[in-house]
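Construct all of the structure, not just a fragment, from the sequences and the given hints.
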Amino acid sequence: MNELIKTLLNLRSLRAFARDLTMEQLEEAYGKFTTVIEERREEEAKIREEQAEKEAQLAAIAKQITEQGLDVNELISALSSNKPAKTQAKRQPRPAKYKYTDASGQEKTWTGQGRTPAAIQEALNNGQSLEDFAI
Numbered sequence: 001m002n003e004l005i006k007t008l009l010n011l012r013s014l015r016a017f018a019r020d021l022t023m024e025q026l027e028e029a030y031g032k033f034t035t036v037i038e039e040r041r042e043e044e045a046k047i048r049e050e051q052a053e054k055e056a057q058l059a060a061i062a063k064q065i066t067e068q069g070l071d072v073n074e075l076i077s078a079l080s081s082n083k084p085a086k087t088q089a090k091r092q093p094r095p096a097k098y099k100y101t102d103a104s105g106q107e108k109t110w111t112g113q114g115r116t117p118a119a120i121q122e123a124l125n126n127g128q129s130l131e132d133f134a135i
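Just so you know, UniProt numbering puts 119 at position 119 of the sequence shown, and the rest follows in order with no gaps.
No wet-lab data here; the hints were simulated from the structure. Keep in mind it's a predicted model, so treat the numbers as computed, not measured. All residues carry an ideal CB built from backbone N, CA and C; glycine is no exception. Any given hint could turn out to be false.
[To be verified] Label-pair restraints from in silico Cβ distances:
no.	residue 1	residue 2	range
1	38	9	43 to 53 Å
2	18	50	31 to 41 Å
3	91	129	51 to 61 Å
4	41	3	18 to 28 Å
5	68	2	49 to 59 Å
6	48	13	24 to 34 Å
7	3	116	24 to 34 Å
8	52	92	33 to 43 Å
9	53	32	27 to 37 Å
10	12	88	25 to 35 Å
Structure representation (structure tokens):
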């Protein structure tokens, strides 16, 4: 795509490219380019019109605020306080499912999630079952 852009934007490259095309192909490309350009102009005009309309609405609202004698900071705080605070509920810790004794002799628990503790994994490798450690 980058080569296409370079060819289209460089007059010398475009002339060299056009030598390989027939006049009908060039006229067809010209018509399509004209259509695309007109569509883009219409889209950009519509966007500018919508932006101008939005700015006019904001100006009208600002005028109403000043006519009513409202303080902008109070209005902002009133609008922001209406939104419910999005708080994410903290998940409760999972209860322990398994109890085991580690290599240092301390008794520990495991919820069954995450990596299997080394002491339990060693026992499983030696033929014990996970149910042997159940609480």
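Structure-based check of each hint:
1. Between residue 38 and residue 9 the beta carbons are some 20 Å apart, a value that contradicts the proposed interval 43 to 53 Å.
2. For residue 18 paired with residue 50, a C-beta distance near 38 Å keeps the hint of 31 to 41 Å intact.
3. For the pair residue 91 and residue 129, the beta carbons lie near 29 Å from each other, so the given range of 51 to 61 Å is not met.
4. Checked against the hint of 18 to 28 Å, the C-beta distance between residue 41 and residue 3 comes to roughly 26 Å, which is consistent with it.
5. At roughly 56 Å, the beta carbons of residue 68 and residue 2 sit within the given window of 49 to 59 Å.
6. A C-beta distance of roughly 33 Å is found between residue 48 and residue 13, which places it inside the suggested range of 24 to 34 Å.
7. Checking the proposed 24 to 34 Å range against residue 3 and residue 116 shows it is violated: the Cβ atoms sit about 55 Å from each other.
8. Separation of residue 52 from residue 92 is about 53 Å and departs from the stated range, judged on CB atoms against 33 to 43 Å.
9. Between residue 53 and residue 32 the CB atoms are about 32 Å apart, so this pair conforms to the stated range of 27 to 37 Å.
10. Hint check: residue 12 to residue 88, Cβ distance near 60 Å, so the stated range 25 to 35 Å is violated.
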